[in-house]
Amino acid sequence: MSPTATQVEVQLTKGALGPATDWRPKGAGAVVQFEGVVRPTESGRSLRGLTYECYEPMTSRMLGELGADIVEEHGLIALRVEHSIGFVANHAVSFRLYVASAHRKAALAGMDQFIDRMKQTIPLWKVPEWENGDD
Amino acid sequence: MSPTATQVEVQLTKGALGPATDWRPKGAGAVVQFEGVVRPTESGRSLRGLTYECYEPMTSRMLGELGADIVEEHGLIALRVEHSIGFVANHAVSFRLYVASAHRKAALAGMDQFIDRMKQTIPLWKVPEWENGDD
Amino acid sequence: MTTITVKLFGPQARLAQKREVLAACASDTPTAGEVLEAVGEACPILAEHLDNSKLAVNHELVTSTDPVRTGDEVAVIGMLGGG
Amino acid sequence: MTTITVKLFGPQARLAQKREVLAACASDTPTAGEVLEAVGEACPILAEHLDNSKLAVNHELVTSTDPVRTGDEVAVIGMLGGG
Numbered sequence: 001m002s003p004t005a006t007q008v009e010v011q012l013t014k015g016a017l018g019p020a021t022d023w024r025p026k027g028a029g030a031v032v033q034f035e036g037v038v039r040p041t042e043s044g045r046s047l048r049g050l051t052y053e054c055y056e057p058m059t060s061r062m063l064g065e066l067g068a069d070i071v072e073e074h075g076l077i078a079l080r081v082e083h084s085i086g087f088v089a090n091h092a093v094s095f096r097l098y099v100a101s102a103h104r105k106a107a108l109a110g111m112d113q114f115i116d117r118m119k120q121t122i123p124l125w126k127v128p129e130w131e132n133g134d135d
Numbered sequence: 136m137s138p139t140a141t142q143v144e145v146q147l148t149k150g151a152l153g154p155a156t157d158w159r160p161k162g163a164g165a166v167v168q169f170e171g172v173v174r175p176t177e178s179g180r181s182l183r184g185l186t187y188e189c190y191e192p193m194t195s196r197m198l199g200e201l202g203a204d205i206v207e208e209h210g211l212i213a214l215r216v217e218h219s220i221g222f223v224a225n226h227a228v229s230f231r232l233y234v235a236s237a238h239r240k241a242a243l244a245g246m247d248q249f250i251d252r253m254k255q256t257i258p259l260w261k262v263p264e265w266e267n268g269d270d
Numbered sequence: 271m272t273t274i275t276v277k278l279f280g281p282q283a284r285l286a287q288k289r290e291v292l293a294a295c296a297s298d299t300p301t302a303g304e305v306l307e308a309v310g311e312a313c314p315i316l317a318e319h320l321d322n323s324k325l326a327v328n329h330e331l332v333t334s335t336d337p338v339r340t341g342d343e344v345a346v347i348g349m350l351g352g353g
Numbered sequence: 354m355t356t357i358t359v360k361l362f363g364p365q366a367r368l369a370q371k372r373e374v375l376a377a378c379a380s381d382t383p384t385a386g387e388v389l390e391a392v393g394e395a396c397p398i399l400a401e402h403l404d405n406s407k408l409a410v411n412h413e414l415v416t417s418t419d420p421v422r423t424g425d426e427v428a429v430i431g432m433l434g435g436g
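Residue numbers (our numbering), protein chains in the order written: chain B, 1 to 135; chain L, 136 to 270; chain H, 271 to 353; chain W, 354 to 436.
Hint data in this document are derived by calculation from the structure and do not stem from the laboratory. Wrong hints could be hidden among the right ones.
Not the full set, but computed from the structure, chain L residues with beta-carbon under 8 Å of chain H [to be verified]:
1. 147
2. 258
3. 260
4. 261
5. 265
6. 267
Don't be surprised by glycine CBs; every beta carbon is placed ideally from N, CA and C.
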């Protein structure tokens, strides 16, 4: 069975992500939510935040394809990914991944693998904005 | 460094858990939230829900000790566990675990291990309430 | 001969249809293992479901050789993979 | 001789201080590998940062032997472990 469109949702948002929603697909026994928060330092240097760039429509399409692959490989019920585009200040949320499955192990494994592959294959970049001046 | 009380929070609640809160400890780069949802069938039989029992104060104390162990072993920033006591109907949330860390891998590994050990060692029981009559 | 009141929880309490069992031990100074065995004798339907169980004495898990004394609060902590 | 306009993103765009590079290829029918090499020649500061990069041609990742044609939309997809 190949995943349907309704099982995978992708949303790119300008700036920091808003609060999480009560996402709980029917039939799920385990719902896991991962949030990536911008940290104020990188390699010991102080940041103001990060600027994210995408290459649409390729970015959304590839995130959707990756989500569908992960849903299928791990037998998940549904997956939703939210990512910021543009500047996100320290301490704000720039990435949120929701995964729903019947059981916990599949949800956690699918989540981990989605993020690994996202970093390797998705056209989505981050640029550090240093605290003092340009780079 | 052994974890401080403020790093680990335990909350047992009568009935289904309410909505998740915006839990995001200072310094966290990765915040993961796991929800356990009561599923309407078990071993092919229909349920009305599950009844959870604890043995206080042992249950809360051991959850706190487990949380502190996991925080220390995985170098986490903080951990919060919420669990229902009493009857929880199908499709409602009976368990929620939040884990915060600097990076993703530690958060996911700590979460997985907390739940594994919780099932093995914590005095917290579930009893199925079957759809038709008693058991 | 000592009789210890032992609390039951969860699936074990359902199975036994009671929340407490009186465990009659031959010894005046029974070990936790002897108390657990006496629980199975007092409530045979539980006997085969005690393999993964431990006793808590005064809210602390103990091993089977630890002593149980009259007046201790004793509970069967059965681990059935719930949660 | 073909000149291909190639888009840059993220850290690579910052490094090059531009969002597009004109890649001059000797061949009239260059491969993606030749275009990527020409990007490094046109913008030497990028050359050592193209090892983990691929080209996207019309929003599809291609391999280094795939052809690039005039009029294609071409972008460097550099993977730097972001996200």
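Do the hints match the structure? See the list:
no.	hint	in the structure
1	147	violated (13 Å)
2	258	holds (5 Å)
3	260	holds (2 Å)
4	261	holds (4 Å)
5	265	violated (11 Å)
6	267	violated (16 Å)
Hint violations for this structure: numbers 1, 5 and 6, all remaining hints satisfied.
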